[in-house]
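K.L.:
Residue numbers for the sequence shown follow our numbering, so the first one is 36 and each next one is one higher.
Since the hints were made in silico from the structure, they are not lab data.
Pairs of lysine-lysine, DSS-like flavour, derived with a Cα cap of 25 Å:
{"id": "1", "residue 1": "Lys191", "residue 2": "Lys171"}
{"id": "2", "residue 1": "Lys92", "residue 2": "Lys280"}
{"id": "3", "residue 1": "Lys280", "residue 2": "Lys84"}
{"id": "4", "residue 1": "Lys345", "residue 2": "Lys177"}
Only a predicted model underlies this, so the values are computations on that prediction, with no experimental measurement involved.
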Amino acid sequence: MRVAYPFRLSRTLLVCLIALLGVLCAPAQARETISIGYQRSSTLFIILKRTGELDKKLNAMGYDVSWNEFSNNLLDSMNAGAVDLNADVADAFALFTQAANAPLTYYAEETSAPSAQAIIVAPGSPIHTVSDLRGKRVAVSKGSGCNFLLLAALGKAGLTINDIQVRYLEAPDALAAFRGGNVDAWVIWDPFLATEERDGHVRVVADGSGGLAQYNRFYTATTAFADKHPEVLSVVFDALNATGKWVKAHPDEAARTLGPLWGNIPAPTVELANSRRSYDIVPVRREQLGEQQRIADTYRAAGLIPVTLKANDIRIWTAPAR
Numbered sequence: 036m037r038v039a040y041p042f043r044l045s046r047t048l049l050v051c052l053i054a055l056l057g058v059l060c061a062p063a064q065a066r067e068t069i070s071i072g073y074q075r076s077s078t079l080f081i082i083l084k085r086t087g088e089l090d091k092k093l094n095a096m097g098y099d100v101s102w103n104e105f106s107n108n109l110l111d112s113m114n115a116g117a118v119d120l121n122a123d124v125a126d127a128f129a130l131f132t133q134a135a136n137a138p139l140t141y142y143a144e145e146t147s148a149p150s151a152q153a154i155i156v157a158p159g160s161p162i163h164t165v166s167d168l169r170g171k172r173v174a175v176s177k178g179s180g181c182n183f184l185l186l187a188a189l190g191k192a193g194l195t196i197n198d199i200q201v202r203y204l205e206a207p208d209a210l211a212a213f214r215g216g217n218v219d220a221w222v223i224w225d226p227f228l229a230t231e232e233r234d235g236h237v238r239v240v241a242d243g244s245g246g247l248a249q250y251n252r253f254y255t256a257t258t259a260f261a262d263k264h265p266e267v268l269s270v271v272f273d274a275l276n277a278t279g280k281w282v283k284a285h286p287d288e289a290a291r292t293l294g295p296l297w298g299n300i301p302a303p304t305v306e307l308a309n310s311r312r313s314y315d316i317v318p319v320r321r322e323q324l325g326e327q328q329r330i331a332d333t334y335r336a337a338g339l340i341p342v343t344l345k346a347n348d349i350r351i352w353t354a355p356a357r
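Using the sequences provided together with the hints, build the complete structure.
P.N.:
Spelled out as C-alpha cells, the structure:
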C-alpha cells in the first residue's frame, strides 16, 4: 500500500499539470474586428473616430475597430460589402447600392436637410430663376443627390435635362470649372456650398426647400454583419444619435473640431454648413421611404438607374423597443 499510494498521487498530479499546461498554452480567442467605412464628410463618424468614444464602447464588448477612409470607389466598396458598417450617404447615392443588389441593411437615417444642397451662380450672373438655365452650362455630380435636385428643379420649371448643357463633373473639377467661368451654374452640397457662399458670395437660384428635394441620408451595414451583431448596431445607433445632438447643441465647438478634419475649412463656414444639416438620427421606417421612391422613379426615367426599383424593398434593422 505504501508503494502504490505515491504512484497514484504522482499520476494524479501529472494529469493536473497536463491539464493546466493545456489551458496556459491554448491560444487566446481572437477578438473580432469591426471595420467601419467613412468619408471626410462623414461628420458624426469622424467625430466619433476622433474622440475614441465608439472604440471604447465596442472594445468593452470584446471588439476591435478598424477605420477605413474612402476618397473614391465608395460605391464599389459598398456594393461588395467590403466593410461591416458604412457611414451616411445621400439618399440618391443609396439607391445605386439597392440597384446593384448590394448585401446591405439600412440601420439609421439622418432626417432631411433640403437647404444643404443648391443650384448656385456667380453674383453677377443673368440667371435668376431655374427657367433661366435653358441653354446654359450646368455642372453636377452624376447620380448624386444634387443630380436629383437639378432634375426636380428643371421639371418644376417645365424643363428637362435636354434643355440645358449638363456637365457631369465631380466636386473638385466642378469647383475649378465654376470659378474659372467654364460653367454657368453649379449644383452642389455642403460644405462646398457654404464655402462658395462665404468666399465667393455666390447667389442661390434654388435649393431643395418647398418639397423639391428632402436630402435625407442613410447609414448601412452588411446584411451578414447586421444579422450576426444586432447588439453592435444598437451601440452604434445610440452613439450616432448622441453625437448628432451634441453637434447641434454645441455649434461653435463642433465647427472648431470639424474644420481641420474637413480639410482646414474655417470654423464659420463649417458652422454655416452644419446649421443646414439636421443631424437627427432616427430609425429607418419602410413606410416613410416615399422620397426614395420619387428619386428612384426620376433616375429610372433619366436613365441613371438601369432597373425599376421598389424603394422600400430593402433590408432594414430597427433597434428593439426599450
